[in-house]
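Protein chains in written order, with the numbering used here: chain A, 1 to 148; chain B, 1 to 148; chain C, 1 to 148; chain D, 1 to 148; chain E, 1 to 148; chain F, 1 to 148; chain G, 1 to 148; chain H, 1 to 148.
Since the hints were derived computationally from the structure, they do not count as laboratory data.
Hints should not be assumed to be uniformly reliable.
Computed list of lysine-lysine pairs in DSS-like fashion (alpha-carbon distance at most 27 Å, straight line) [claimed, not checked]:
(1) F:Lys113 x G:Lys4
(2) E:Lys41 x E:Lys29
(3) B:Lys41 x B:Lys26
(4) G:Lys4 x G:Lys41
(5) C:Lys26 x A:Lys113
(6) H:Lys113 x B:Lys113
(7) E:Lys29 x D:Lys113
There are 8 protein chains.
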Amino acid sequence: MAKKSRFILLGLGRFGASLARGLAEKGHKVVGIDIDEDAVKDLEEFLDEALVADATDREVLGAANIGDCTALIVAMGDEPLRNIIAAMHAVELGAPRIIARGTDHEHARILRKLGDIQVILPEQDMGRYLAEHINAASDDARNKAADK
Amino acid sequence: MAKKSRFILLGLGRFGASLARGLAEKGHKVVGIDIDEDAVKDLEEFLDEALVADATDREVLGAANIGDCTALIVAMGDEPLRNIIAAMHAVELGAPRIIARGTDHEHARILRKLGDIQVILPEQDMGRYLAEHINAASDDARNKAADK
Amino acid sequence: MAKKSRFILLGLGRFGASLARGLAEKGHKVVGIDIDEDAVKDLEEFLDEALVADATDREVLGAANIGDCTALIVAMGDEPLRNIIAAMHAVELGAPRIIARGTDHEHARILRKLGDIQVILPEQDMGRYLAEHINAASDDARNKAADK
Amino acid sequence: MAKKSRFILLGLGRFGASLARGLAEKGHKVVGIDIDEDAVKDLEEFLDEALVADATDREVLGAANIGDCTALIVAMGDEPLRNIIAAMHAVELGAPRIIARGTDHEHARILRKLGDIQVILPEQDMGRYLAEHINAASDDARNKAADK
Amino acid sequence: MAKKSRFILLGLGRFGASLARGLAEKGHKVVGIDIDEDAVKDLEEFLDEALVADATDREVLGAANIGDCTALIVAMGDEPLRNIIAAMHAVELGAPRIIARGTDHEHARILRKLGDIQVILPEQDMGRYLAEHINAASDDARNKAADK
Amino acid sequence: MAKKSRFILLGLGRFGASLARGLAEKGHKVVGIDIDEDAVKDLEEFLDEALVADATDREVLGAANIGDCTALIVAMGDEPLRNIIAAMHAVELGAPRIIARGTDHEHARILRKLGDIQVILPEQDMGRYLAEHINAASDDARNKAADK
Amino acid sequence: MAKKSRFILLGLGRFGASLARGLAEKGHKVVGIDIDEDAVKDLEEFLDEALVADATDREVLGAANIGDCTALIVAMGDEPLRNIIAAMHAVELGAPRIIARGTDHEHARILRKLGDIQVILPEQDMGRYLAEHINAASDDARNKAADK
Amino acid sequence: MAKKSRFILLGLGRFGASLARGLAEKGHKVVGIDIDEDAVKDLEEFLDEALVADATDREVLGAANIGDCTALIVAMGDEPLRNIIAAMHAVELGAPRIIARGTDHEHARILRKLGDIQVILPEQDMGRYLAEHINAASDDARNKAADK
């Protein structure tokens with residue numbers, strides 16, 4: 001990682017928080033936006049900019065300097081419609097790269113139709129990954145999972 | 001995969017369904033148990049044995065021949081206590097290997113104290129994975145994610 | 001109306017029911033699909049084909065011969081996400097023309113990004129219409145509104 | 001529009017907000033009353049007088065100078081009883097003209113029995129309108145709907 | 001009571017049930033309609049005709065021979081709108097006399113505007129009655145209240 | 001009424017408010033206690049002492065000088081258990097006379113077992129009263145009910 | 001225990017089920033009544049008579065031969081009012097001895113006023129018991145608690 | 001009790017409050033932690049240290065000097081998972097002795113697997129106790145229960 005990247009995270013739940021932590025530990029700049037004040041506070045040490053706001057509100061995104069980021073990640077919990085709206089704003093406001101955590105395959109297809117959005121489905125992706133590696137990687141994975 | 005394995009899945013939600021499909025496609029025998037009849041029906045073609053039942057009920061597990069499986073996977077949705085109870089039954093009934101989908105790190109620690117249980121946290125694990133690969137693996141992941 | 005048209009209505013609530021009635025009275029063929037059995041029964045006399053089913057389920061739409069209709073209208077109540085999913089299925093299954101009742105302007109923008117979808121917002125459209133005609137058309141409108 | 005009119009709007013939801021905007025743009029004076037502070041704030045620029053208050057409370061209406069308006073429009077959301085109560089107050093307090101947004105035909109009949117009230121049913125009226133114009137007006141309507 | 005009267009009761013809750021019992025004991029014919037099957041069953045012995053149906057549905061009232069009764073009493077619980085709708089139907093279908101149990105004074109005013117409806121407000125009426133008689137009638141009332 | 005009486009009202013809902021008004025208009029001193037601040041405020045002009053407090057809390061009643069009143073009336077809404085607890089406190093704290101608004105006949109029997117409590121059941125009592133007077137008193141009652 | 005006793009249990013929750021088991025193991029006849037079918041089924045082997053019914057319904061108790069029992073125990077869960085009503089019925093129907101599981105001290109006082117009722121408060125009684133024995137009985141209790 | 005003991009109570013509900021009172025009356029030092037401010041206030045006079053906090057939060061327990069107590073008692077209401085989490089923290093933070101109020105036998109088994117935890121089940125334990133003593137101890141228990 002030669003030059004510093006700037007990532008914007010909409011939603012700091014279990015997925016978003018884990019991602020924020022990981023990105024910060026690798027030296028990236030992280031902007032975190034969540035409607036829940038506690039979620040923002042818990043991650044303060046990992047965030048360069050922290051905002052308690054509703055990311056479905058276009059003005060909130062408009063003020064976050066979306067055009068100037070490495071990638072924007074939409075991960076606003078399990079309410080698919082809110083993720084869809086925020087992703088649409090991000091497309092319209094010109095985010096250079098958008099990744100969205102989806103809920104199911106229909107949700108993923110809708111997201112992809114809104115623009116060039118890369119979709120991640122944690123539950124389904126992990127299910128498929130485990131099916132693939134359940135035999136070979138067993139001992140190894142067990143060790144890695146044991147430490148938080 | 002020289003010899004056929006038998007996997008028992010407690011819970012056929014997004015994670016469990018995806019896992020069932022993946023295991024069946026690799027030629028494994030899959031036993032699926034879920035309290036929701038629709039969830040079981042939707043996966044019928046991938047299941048060797050299918051059971052609509054409450055996997056927190058010890059008698060249900062007792063009848064499922066738990067001792068004779070390659071691994072038992074606990075993935076009963078987002079109600080952590082139900083996962084914990086089912087995992088405890090599985091330990092007591094002698095499942096040779098247990099993998100459990102957890103909700104958060106406290107939940108994971110409780111599960112590990114019940115016995116030798118391997119814990120997966122899809123949201124957190126995917127968050128960390130993405131932090132790791134967001135730059136390098138971008139194009140590749142984008143392609144892989146695009147096909148269901 | 002020289003030649004008979006065939007319209008598919010997803011959702012038979014206040015908007016959909018009123019539309020079904022109007023289309024049938026003009027001599028069109030109307031296919032009505034709603035998840036609520038009572039809603040379907042109440043309109044039976046106006047429907048050529050009536051189906052109690054969930055129109056967010058792609059298989060339901062697949063069986064409705066969507067390719068062969070004059071227009072398909074999505075009007076599944078106030079749950080925007082369900083409307084969005086059904087509209088996406090309709091686009092993918094090749095409906096020749098799609099009209100969707102939306103909830104608000106963000107919802108309308110999402111619908112339009114899914115394909116060539118014409119969006120109607122009854123509350124907002126009527127508000128604007130009334131602002132336009134509140135002075136001139138007053139007496140006339142009053143008379144027309146008085147008879148059901 | 002030679003001389004300025006004054007309109008009182010009870011309720012600034014989707015219908016009321018759209019109406020307020022339209023009336024203001026035509027140069028009318030608009031008084032807006034809503035129990036929801038955000039709804040009032042969002043329209044501030046279009047309102048000559050703005051009031052956060054419960055319009056089912058007769059004292060609120062008593063203070064709004066109801067006798068001196070061009071028309072009073074009741075549009076307090078989907079709770080029909082609240083609309084009925086506000087409309088009754090408006091009749092008793094001598095509003096020169098009353099228009100009410102209704103929910104269904106029974107609701108409309110009750111409103112009309114309270115006095116000389118003109119009733120609008122957005123969903124049903126738009127359904128009937130679309131049935132009428134779905135063939136002829138198609139392209140035209142599509143263009144007009146596309147711009148917010 | 002020389003000649004037998006016929007009373008139609010919409011709603012068999014605490015007020016309606018007590019009224020049905022009292023009317024039957026005086027030798028009147030009582031028709032009871034309630035949406036709750038148990039409420040109807042509990043009063044069977046006091047009813048000449050008993051109907052489990054929704055009295056806000058105009059067809060239900062249309063079939064009850066409303067024109068031919070001594071009085072129709074509307075007492076459908078604490079949901080004022082349902083009482084208002086049923087009372088409006090009763091007016092339109094020509095009930096010779098209508099009594100309605102109201103909830104509060106605004107509710108009562110609405111009912112009275114629908115037609116010539118006599119309104120009873122049990123809570124308020126009893127409050128005023130007690131204020132009047134709390135001193136004088138004390139011992140007497142106490143005795144009377146003691147026997148069910 | 002030669003000498004002024006003092007009445008304590010627990011609960012200022014529809015029944016209690018109506019009673020408070022009636023007692024005050026006859027020149028009695030009225031103490032009103034309700035957990036809902038608005039209910040207390042609305043009656044301020046009729047109350048000599050007004051208290052926003054939970055009357056199931058024995059200390060609240062202990063401070064209200066219960067021993068020195070003409071009668072205490074328990075009318076705390078439709079939650080029977082709260083009425084029962086407050087009535088029990090009133091008995092134990094030595095109220096000289098207790099009247100309680102009950103919900104149904106079982107509720108009334110429980111109240112009477114707690115001590116010498118006079119029970120009023122507004123719905124049932126009005127139902128029986130109407131059954132008695134529906135023919136004779138019709139015109140008269142109609143007139144009286146018409147004025148608030 | 002020379003001669004066989006007959007106990008009637010209203011409510012088969014955690015407390016009631018544990019009591020039923022204990023009484024049956026000592027050779028007593030146990031009658032169990034609960035509104036929940038599963039609760040009754042789970043204890044079938046311990047019950048001489050089992051009834052799925054609502055014990056607040058006086059007719060249910062009237063048919064249970066209450067006068068002829070050693071004791072009747074009221075333990076209908078955490079809804080105090082239901083316990084109070086059932087206990088009142090039991091007093092009125094002449095149960096020779098009544099024990100009731102209460103919720104808190106106010107609840108207990110109400111129960112005792114209904115008749116000669118012995119009240120048990122499991123949470124509070126165990127709290128006090130533990131305070132008494134926490135030091136001395138520690139090891140012993142620990143052993144006893146360890147076996148189910 | 002020669003030397004003063006220090007007890008930490010997590011949860012001050014019915015069980016915890018009763019225990020706190022009993023311990024304080026015997027001269028022990030009592031530390032009380034509960035998330036509900038009122039629960040803490042009501043017991044202030046019996047507590048040496050009182051804390052309004054969430055005892056599932058490990059930092060709360062870390063600050064409570066858990067290593068230095070005679071025993072820690074987990075009694076956080078009927079939500080088993082919260083009790084399990086707090087008990088796990090207490091084990092990990094080195095409480096010398098842990099007692100936990102459980103809900104049912106499965107819950108108890110989970111608690112015991114987390115470490116050396118003594119489990120109390122108030123409902124079940126009292127049920128069994130009553131089964132044992134219902135005949136012999138009847139009069140005695142009745143007397144003791146009668147005084148609060």
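Could you work out which earlier hints the structure fails to respect and list their numbers in ascending sequence? 1, 5 and 7
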